[in-house]
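2 protein chains.
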Amino acid sequence: MIGILLVTHGEFGEEIKRSAELIIGPISNCSAISLNRDDSITNLKDEVEETLESLNKGEGVIVLVDLVGGSPFNVCSVILKKRRNFKLLSGLNLSMIVECAMMRDSLNLEGLTQQCKQTGINSVVEVNP
Amino acid sequence: MIGILLVTHGEFGEEIKRSAELIIGPISNCSAISLNRDDSITNLKDEVEETLESLNKGEGVIVLVDLVGGSPFNVCSVILKKRRNFKLLSGLNLSMIVECAMMRDSLNLEGLTQQCKQTGINSVVEVNP
Numbered sequence: 033m034i035g036i037l038l039v040t041h042g043e044f045g046e047e048i049k050r051s052a053e054l055i056i057g058p059i060s061n062c063s064a065i066s067l068n069r070d071d072s073i074t075n076l077k078d079e080v081e082e083t084l085e086s087l088n089k090g091e092g093v094i095v096l097v098d099l100v101g102g103s104p105f106n107v108c109s110v111i112l113k114k115r116r117n118f119k120l121l122s123g124l125n126l127s128m129i130v131e132c133a134m135m136r137d138s139l140n141l142e143g144l145t146q147q148c149k150q151t152g153i154n155s156v157v158e159v160n161p
Numbered sequence: 033m034i035g036i037l038l039v040t041h042g043e044f045g046e047e048i049k050r051s052a053e054l055i056i057g058p059i060s061n062c063s064a065i066s067l068n069r070d071d072s073i074t075n076l077k078d079e080v081e082e083t084l085e086s087l088n089k090g091e092g093v094i095v096l097v098d099l100v101g102g103s104p105f106n107v108c109s110v111i112l113k114k115r116r117n118f119k120l121l122s123g124l125n126l127s128m129i130v131e132c133a134m135m136r137d138s139l140n141l142e143g144l145t146q147q148c149k150q151t152g153i154n155s156v157v158e159v160n161p
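Protein chains in written order, with our numbering: chain A, 33 to 161; chain B, 33 to 161.
Since the hints were derived computationally from the structure, they do not count as laboratory data. Here the structure is a predicted model, which is why all the values come from computation and not from measurement. Where hints are given, some of them may not hold.
Remember, identical chains collapse to one label, so a pair may be satisfied in a single copy or spanning two.
What the hints assert, rightly or not - Straight-line C-alpha distance at most 20 angstroms; calculated DMTMM-like pairs for lysine to aspartate or glutamate:
1) Lys114 with Glu142
2) Lys113 with Glu158
3) Lys114 with Glu158
4) Lys114 with Asp78
5) Lys114 with Glu91
6) Lys114 with Asp137
7) Lys114 with Glu81
8) Lys89 with Asp70
9) Lys149 with Asp70
10) Lys113 with Glu46
11) Lys113 with Glu82
12) Lys149 with Glu79
13) Lys77 with Asp137
14) Lys77 with Glu53
15) Lys113 with Glu43
16) Lys149 with Asp71
Could you put the whole structure together from the sequences, leaning on the hints where they help?
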């Protein structure tokens, strides 16, 4: 099973996982890592690397970060350079995690990444009456 | 000042606001409403309407919901039909709330909505090494 790792400023990664679970039920092999105000970047890097190891069951891990350019993004980008078995997407929202969790048994890591990216883009909709 | 209202499944609206505040500091005139498992849809509707009233200082309110088709989206869509002074976007992510908070003094409600929508779409990026 492809792993799912959420890395965010603050605790919203954990909360968005809980919100997704309100909709689709428990999401296994999925972890959230938070970066808070006084946290060390070195510790964040170590935690991401350790968590990737535990989430990777052979089919890889998709990593969803909150936004481009912050520390979660930067740390994961550096780690990505050294590894082939994970993918990194920014712009984490609820549709993306729901899609990831529901589709990961039907797609390989590359396919899941493209599907999740497209879902994220398509989920930003202005609603007119 | 344009108001910002976040309406989500679970508590992640409140947490994504806190995460945004870690990056840009306190965000005033911004509220988050959560829908939890046993909450009533009627209560959610009342809470959204009351909060819109308190957030609207004359320049309107931008409402960001988590995804298309859930109860937060459905309730806000119904309310939108009766009002002209707010805009509704789905796909809430961290870039969108940061952009809203930083740009709302420079744009009117329509301009802010378009800017926030484009930011949301552009924030979903696959990072390649």
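Hints, one by one, checked against the model:
For a Cα distance limit of 20 angstroms, the shortest separation of Lys114 from Glu142 inside one copy, 17 angstroms, qualifies, whereas the shortest one across copies, 44 angstroms, does not. In this homomeric assembly, Lys113 and Glu158 come within 20 angstroms of each other (Cα to Cα) only across copies, at 14 angstroms, whereas the closest approach inside a single copy is 36 angstroms. In this assembly of identical chains, the alpha carbons of Lys114 and Glu158 lie at most 20 angstroms apart only when taken from different copies (16 angstroms versus 39 angstroms within one copy). In this assembly of identical chains, the alpha carbons of Lys114 and Asp78 lie at most 20 angstroms apart only when taken from the same copy (14 angstroms versus 51 angstroms across copies).
Taking CA atoms no more than 20 angstroms apart as the test, Lys114 paired with Glu91 passes inside one copy only; the shortest distance there is 17 angstroms, against 49 angstroms between copies. Taking the shortest alpha-carbon separations for Lys114 and Asp137, neither the intra-copy value of 26 angstroms nor the inter-copy value of 42 angstroms comes in at or below 20 angstroms. In this assembly of identical chains, Lys114 and Glu81 lie within 20 angstroms of each other by CA distance solely inside one copy; the values are 11 angstroms within and 50 angstroms between copies. In this assembly of identical chains, the alpha carbons of Lys89 and Asp70 never lie at most 20 angstroms apart, being 32 angstroms within a copy and 35 angstroms across copies at closest.
Neither within a single protomer nor between protomers do Lys149 and Asp70 lie at most 20 angstroms apart by alpha-carbon distance, with minima of 31 angstroms and 32 angstroms respectively. Taking CA atoms no more than 20 angstroms apart as the test, Lys113 paired with Glu46 passes in neither setting, with 26 angstroms inside one copy and 33 angstroms between copies. Taking the shortest Cα distances, Lys113 and Glu82 sit within 20 angstroms of each other inside one copy (16 angstroms), while across copies they are farther apart (49 angstroms). For a Cα distance limit of 20 angstroms, the shortest separation of Lys149 from Glu79 qualifies neither inside one copy, at 25 angstroms, nor across copies, at 33 angstroms.
Taking the closest pair of Cα atoms, Lys77 and Asp137 never come within 20 angstroms of each other, the shortest separation being 28 angstroms inside a single copy and 36 angstroms across copies. Taking CA atoms no more than 20 angstroms apart as the test, Lys77 paired with Glu53 passes in neither setting, with 27 angstroms inside one copy and 23 angstroms between copies. With identical chains, the CA atoms of Lys113 and Glu43 are never at most 20 angstroms apart, being 26 angstroms at best within one copy and 34 angstroms at best between copies. Within a single copy, Lys149 and Asp71 get their C-alpha atoms no closer than 29 angstroms, and across copies no closer than 31 angstroms, so neither meets the 20 angstroms cut-off.
When the structure is compared with the earlier hints, violations turn up for hints 6, 8, 9, 10, 12, 13, 14, 15 and 16 and for no others.
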